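Engineer: If you're matching them up, the sequences are chains A, B and C in order. First residue of the first sequence: 1, per our numbering; consecutive thereafter. First residue of the second sequence: 1, per our numbering; consecutive thereafter. First residue of the third sequence: 1, per our numbering; consecutive thereafter.
Bear in mind the hints are in silico, worked out from the structure with no lab data behind them. Every value quoted in this text rests on a predicted model; they were computed, and no experiment measured them. By construction, the Cβ of each residue, glycine as well, lies at the ideal position given by its N, Cα and C atoms. Among the hints, erroneous ones may be present.
Stated by the list, open to error - In silico lysine to any residue, SDA-like type, Cα no more than 20 Å apart, as pairs:
no.: 1; chain 1: C; residue 1: K180; chain 2: B; residue 2: V415
no.: 2; chain 1: B; residue 1: K175; chain 2: A; residue 2: L205
no.: 3; chain 1: A; residue 1: K331; chain 2: C; residue 2: K204
no.: 4; chain 1: A; residue 1: K15; chain 2: A; residue 2: L205
To be verified - Partial chain B-side listing against chain C, Cβ under 8 Å, derived:
no.: 5; residue: E95
no.: 6; residue: A98
no.: 7; residue: E101
no.: 8; residue: G104
no.: 9; residue: H119
no.: 10; residue: S122
no.: 11; residue: R204
no.: 12; residue: E207
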Amino acid sequence: MTEFHSPSRKDYLLKQREMYGRHIFGVFPAQYPRELLWAMNILPVEIWDPPLDLSYASAHLQSYICSIVRLGLEFIVQDKADILDGFLFPHTCDSIQNLSSIVNDYLKPGKPCYFFYHPKWPYRESSHRFYIEQLRDLAAQLGDQVGDLDYTQFQQYAEKGEEVASVMRELYSLRASGELCASNVEFYRTIRQAEFLHPDDLIPLLETFLENSRGSQASETPVILTGVLPNPPEILALLDELKIRVGDDDLLACGRRYLVPPSQAKDPFEALAERYFHMPPCTTINSPIRERLENLISKVEGSNAKGVIFWIVKFCEPELFDMPHLIEGLKKRGLPTLVIDVEPNQELTGQLTTRIEAFVEMLA
Amino acid sequence: MKDMGVPGIMRFSRMGKKRRPRKKNASLGPPLECNSRLRELMATHYLLSRYAQGAKPVAWVTSGAPVEILRPFGFYTFYPENHGALCGAQKMGPELCAEAEEHGYHQDLCSYARIDLGHYFSGKTPVGRLPKPDLLFASNNICQTVVYWYKALAEYWKIPLILFDTPYNFREISKADISYMVRQLEEMIPLLEQISKRRFRYKRFREIVGIAKEASLTWGEVLSTMKARPSPMTIFDAFTHLAPIVSLRGLPAALEHYRALLAELEKRVAQGVGAIKNERWRLMWDNIAIWYKMRDFANLFAERGMNFVTATYTNAWTETIGYLDETKPFESMAKAYSLVILNNNLDHRLQLMERLIQEFQVDGLVIHSARSCKPYSVGQYDLKRLITERLEIPTVVIEADITDSRAYSEEQAMVRLEAFFETLEG
Amino acid sequence: MNYFGGIDVGAISTEAVIIDEGDGISGYSIVETGANSTDAADEAFGKALLAAGIHRDAVTYIAATGYGRVSVPLANKTVTEISCHALGAKYLFPNTGTVIDIGGQDSKVIRVGDSGKVLDFTMNDKCAAGTGRFLEVMASKLRVSLEEMGELSLHAKAEAHISSVCTVFAESEVVSLVAKNQPKEEIIKGLNRAITNRVWGMVKAVGVYVPVTMSGGVAKNRGVVTLMEEKLGKPIRVYAEPQIVGALGAALFARKQSREGM
């Protein structure tokens, strides 16, 4: 059982419901309007890597489907979702798209299922308008279950979203300049709590972590992580052991979603749209490859990184299509790269350990 | 300078014909006359590709994209998926995929994409020479993968990519969804004018929409002839005759072809001529074809008196294009393209399949679980379970791939098919 | 005279190499790993000492590599097989640009720079098909030894086509071919081709930097080496005992570390 899913998470969620009457929604990866849900007294709990043995999933999903989707399905089929009041499926990729329909049309888990389509690049005027309409539409649908969206609440939570983003940006910035004294394991354990904590609890947690971790950590060799999510966490522990510091990341579950630039709009709908259209380049929104490469290079330069680790979930098509271009671009700049493809929650195999150690030996 | 034109065409029209005299399978009925008409049609199309580059603006297009908006600008359209299917049928899948893999593209990626990228790196193709595009035109209504693939191509060639972004039909397509798509079509026009150096002619566009619609409806009638007992065509022939509606949609040639094909099929129905000699069992196929096993499967099933009389794949190009309406071209295109089977929820798919099974009097279902095609394949296991429960017909799943034969195990497939045959016949 | 030891504990076999301050190898051994890495390391080291004709105390520094490297209490340091194969191959063939190592459980392609430094590398996917395991499974099916697989394939007049990328699928293909009485040598040549193609993909991923050296157990299979040379269009260097390259690299690391006084 990983630390992110310890029993205290369930206790926390139950307490949130008890004390504040919050509705607990299971949300699948990756892009969704968190502030909108918060404003409607919904607490989103992201489903990335529940610590389950895959036993039922293969009755529904072929072997060539990624384990994030398999684990998500397993979570529902094994009835682990008893404390949830509903599900939200963003339109992330083909597998999640069809997963949403398998659940909604075939499995019928007895809980409301919602879907959020977000516009894909290239962005045009129509994309902006559509995104705002999607927000309104989702709010209307959710409203039938949890009560209408209150505009003032939405304003407040849009601001809270900005507060969260601000602390995240600062954390990442300190880490990149070697001024954050925290292990890789600690860093990710902390920020991954954003996957379920309410902002009223998340903001103090992040701020405390920030204050407690100020300090120099310039002695270790920095690398950049790019990919989906930092699982299994044993790899982070191994990097700590090998005195490798993650300087910055381009991970879907982390950097790509948390490092949104400050938004200017006062209207919360516009603010959320601004955040969406200005988030870091990502495969789930079809960002051009050139932008992704430039983003990676600026992270390398910003943290003085010596190499880039591609941490891919097996079968993840969006990541794998961009990879050859990115690796070539990095190699041209003389940067060593390592590709590791994993199944979430797997044991650290000998081969994986050897690859990582050999990469570190290369950097020396 | 070696002119590949004529020898290329000859080689092309020999495709499908035997190199060495191969014994015609005794279980098959007479071949369609329109087969040679089709070969000529596609050969001409590919021949034109040799001269297109430089003479006309060239667009590479995904199979589900609203190509009607491109036609008024005079683009020569090339369909990499069609080319991929061709390579698969010519058994060049593994070779081209390997070229892409050697350049870092993972073997778990869609094999149409790997073949296309393999062609980019090696220049290898069974059809002489492909025209370099000026524009990439994609819609994600069939899958997101085409966009990842085309994005990579856009980066290699440094050319623009236009995406027709179709919201997924989770429950229903809303007015906001339709407006989004209509606006996208309108927004595309300036870029298309710029690349093609032609003004958009609305009247011409409406005509093309009309032609596309008619071709699609005619294709639908072609497929309907297979309701007859015995069916006048096999699904394997239908897969091949899909090429015009996919890649020549909106052009008169596609409509003419289906009119000719329909006439031939209606004649066969009137005369009781079947595609296979002894039609004892009628089957349905789900998912794209296994392109490198078409002939083998046609023979295998025919020998057992089994004919595939319907398929979700062939049906896809008639199911929704009927929504096209020349009087409201943008809006109707948004509807037609966003409601295609792969952009539609699985409840719709289940109902569609049940309807086809009933209308075509299907006795058994063969589901191809295609490694390359996630939108088609994810959900098939539940579909199988539900159809078996509700309609009580034998169903079998074959794990394979559309063009990468290295992912197909003949032994494993045969074991499953044998069991399926026993259930069907027993 | 100081001696230095390298021990490579692999999944199937364990090798030990002893070198002194000068050139050349003083002694080496290859044993089966069996069920216990520590015991295998001890055994291999002991046999290498015998071959070198020296006492244990004469060895001042030992480095361990391979999967079982963490289970070698004898070792002063551990280094990955990637770095060791690079260093070992460079030592044996000084202008080596790329090392292809096809071992029992995994394969690696390593780009080697000056003085044996690793510039880039790739390892096989989570899959047996590009490894010695693939050939082992087939060898037992065909009732030949791994060594014979090389020789036999060179006599094949034709070649069976093995289409699968999966060991399990390929195995059933072989069963069918045997049932159709396809000559053994032809099936073996097809299998050698399958593994070569698989590994060639990895070579292209790293980039082809000649000259190329092959190491690991499968390098003893002349059939695979020949097919790889065809792909490359150039001859490939193979040491007389390709299995000990990793352990040799470890011994060289041991010597280097010892000189740097760490």
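Engineer: For each hint, tell me whether it holds in the structure or not.
Structural biologist: Comparing the hints with the structure gives:
As the CA atoms of C:K180 and B:V415 are separated by approximately 18 Å, the hinted pair is consistent with the 20 Å bound. Distance hint between B:K175 and A:L205 is unfulfilled; the C-alpha atoms sit about 42 Å from each other, more than 20 Å. Taking the CA atoms of A:K331 and C:K204, the gap is about 14 Å. The hint holds against a cut of 20 Å. Pair hint A:K15 plus A:L205 holds up; C-alpha atoms about 17 Å apart against a cutoff of 20 Å.
Because the beta carbon of B:E95 sits about 10 Å from the nearest beta carbon in chain C, more than 8 Å, this interface hint is broken. Checking B:A98 against chain C: minimum C-beta separation of about 7 Å stays under 8 Å; hint holds. A least Cβ separation of about 5 Å between B:E101 and chain C falls short of the 8 Å threshold, and the interface hint therefore holds. Because the closest C-beta pair between B:G104 and chain C is about 6 Å apart, less than 8 Å, the hint holds.
The criterion of a C-beta within 8 Å of any C-beta in chain C is not met by B:H119, whose closest approach is roughly 16 Å, and the hint is violated. Of the supplied interface hints, the one on B:S122 is violated, with its beta-carbon coming no nearer than about 12 Å to a beta-carbon of chain C, more than 8 Å. A distance limit of 8 Å between C-beta atoms decides the matter here; for B:R204 the minimum to chain C is near 48 Å, and the interface restraint is violated. The criterion of a C-beta within 8 Å of any C-beta in chain C is not met by B:E207, whose closest approach is roughly 48 Å, and the hint is violated.
The structure shown violates the earlier hints numbered 2, 5, 9, 10, 11, 12.
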